Amino acid sequence: MSTTGATADPLAALGNLPGVADSVESVRKAVDRVYGHRVMRRRSNEITSEAALRGARGSAALSGADWALEEVRRRSDFSGDDEARTMGAALRLTAEAGQLLSIWRQSPLRVLARLHLVAAADKAEHVGRPRRAGEPVDEPLVDLPLPGADEMHGRLEGLAEIVIAGGSAPALVTAAVVHGELLALRPFTSHNGLVARTAERIVLVGSGLDPKSVCPAEVGHAELGQDAYQEALRGYLSGTAEGMAAWIAHCGRAVALGARESTAVCEALQRGAA
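Heads up: the sequence shown is residues 1 to 274, going by the UniProt record's numbering.
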């Protein structure tokens with residue numbers, strides 16, 4: 001999404017694209033169902049913790065570490081092979097996201113740098129800052145053209161300006177654009193998918209749509225599958241009204257599926273208490 005010459009509220013128009021209002025309404029209803037569940041009134045911390053674990057598992061799956069949930073629960077060492085490190089990065093990011101909510105609206109670039117530092121768990125020179133010209137990007141499961149460093153930096157600054165300015169766009173629209181733009185740009189040398197999905201979570205929580213972080217969109221993205229994810233991303237990258245609307249709708253379905261997952265957790269807890 002190019003932000004050159006953007007208006008004061010460049011995302012607001014996206015909310016008027018065909019089908020987007022329906023997606024926003026469907027997401028709101030799905031979120032309301034979770035928050036209205038009787039278990040949420042008594043055990044919301046448990047639902048939040050479970051959603052965090054399932055969200056991390058879903059995000060890692062989209063980055064090549066598709067582990068069973070029970071395996072994630074069982075493991076305590078994530079320093080082994082590439083898949084284990086990816087899972088460890090996803091878990092660390094999920095834990096870190098809640099600590100960055102207050103900073104996001106004032107300094108999104110600082111938050112993104114921190115997320116990359118946490119994901120990489122490395123002190124290498126390229127960690128925790130946007131890539132420079134000539135630096136390679138390790139993101140094998142994102143099959144999109146890679147913008148050059150100059151274009152990336154310009155668009156990243158534009159995205160930050162939009163976040164700081166705020167606006168009237170629905171939370172789903174803002175979250176989808178942040179997610180899509182970060183994957184389109186891949187501003188870091190690694191872990192861009194994990195960072196993008198964490199940023200989406202931060203927007204959804206910080207906006208007040210999902211304040212307790214119990215509707216993990218990462219679960220839905222993983223359930224919808226890698227192929228659908230890539231296809232929707234290509235729609236975003238096209239910049240057309242149809243492509244943008246399709247990406248926002250895809251993100252909406254992911255949030256709704258995350259909400260459904262937590263509703264099922266609530267139901268299971270309720271049956272256990274009966």
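Read the hints as simulated data drawn from the structure, not as lab findings.
One or more of the hints may lead you astray.
Unchecked claim - Label-pair distances were calculated between CB atoms; the ranges are: (1) A268 with K29: 20 to 28 Å; (2) A133 with N45: 42 to 50 Å; (3) S49 with E161: 31 to 39 Å; (4) A121 with P147: 23 to 31 Å; (5) S107 with G154: 16 to 24 Å; (6) N16 with N45: 22 to 30 Å; (7) E161 with R42: 17 to 25 Å; (8) G134 with Q106: 14 to 22 Å; (9) D122 with A149: 15 to 23 Å; (10) N45 with S102: 17 to 25 Å; (11) A121 with R74: 32 to 40 Å; (12) R42 with H126: 31 to 39 Å.
To be verified - Simulated pairs of lysine to aspartate or glutamate, EDC-like, Cα-Cα distance not exceeding 16 Å: (13) K212 with E71; (14) K212 with E50; (15) K212 with D32; (16) K212 with E96.
In this text, all values refer to a predicted model and were calculated from it rather than measured experimentally.
In this text, a Cβ means the ideal position worked out from N, Cα and C, and glycines have one as well.
Hints, verified against the model:
1. A268 with K29: 20 to 28 Å: Given a distance of about 21 Å, which is inside 20 to 28 Å, the answer is holds.
2. A133 with N45: 42 to 50 Å: Check passed, 46 Å falls within 42 to 50 Å.
3. S49 with E161: 31 to 39 Å: 35 Å, holds
4. A121 with P147: 23 to 31 Å: This hint holds: roughly 26 Å between Cβ atoms.
5. S107 with G154: 16 to 24 Å: 18 Å Cβ-Cβ, so the 16 to 24 Å window holds.
6. N16 with N45: 22 to 30 Å: 38 Å, violated
7. E161 with R42: 17 to 25 Å: The hinted range 17 to 25 Å is violated for E161 and R42, with Cβ atoms some 42 Å apart.
8. G134 with Q106: 14 to 22 Å: 32 Å, violated
9. D122 with A149: 15 to 23 Å: 20 Å, holds
10. N45 with S102: 17 to 25 Å: 20 Å, holds
11. A121 with R74: 32 to 40 Å: 21 Å, violated
12. R42 with H126: 31 to 39 Å: With a Cβ separation near 46 Å, R42 and H126 fall outside 31 to 39 Å, so the hint is violated.
13. K212 with E71: With Cα atoms ~25 Å apart, K212 and E71 exceed 16 Å; violated.
14. K212 with E50: Roughly 12 Å between the alpha carbons, so the hint for K212 and E50 holds.
15. K212 with D32: 12 Å, holds
16. K212 with E96: 15 Å, holds
Violation of the numbered hints given earlier is confined to hints 6, 7, 8, 11, 12 and 13; the remaining hints are satisfied by the structure.
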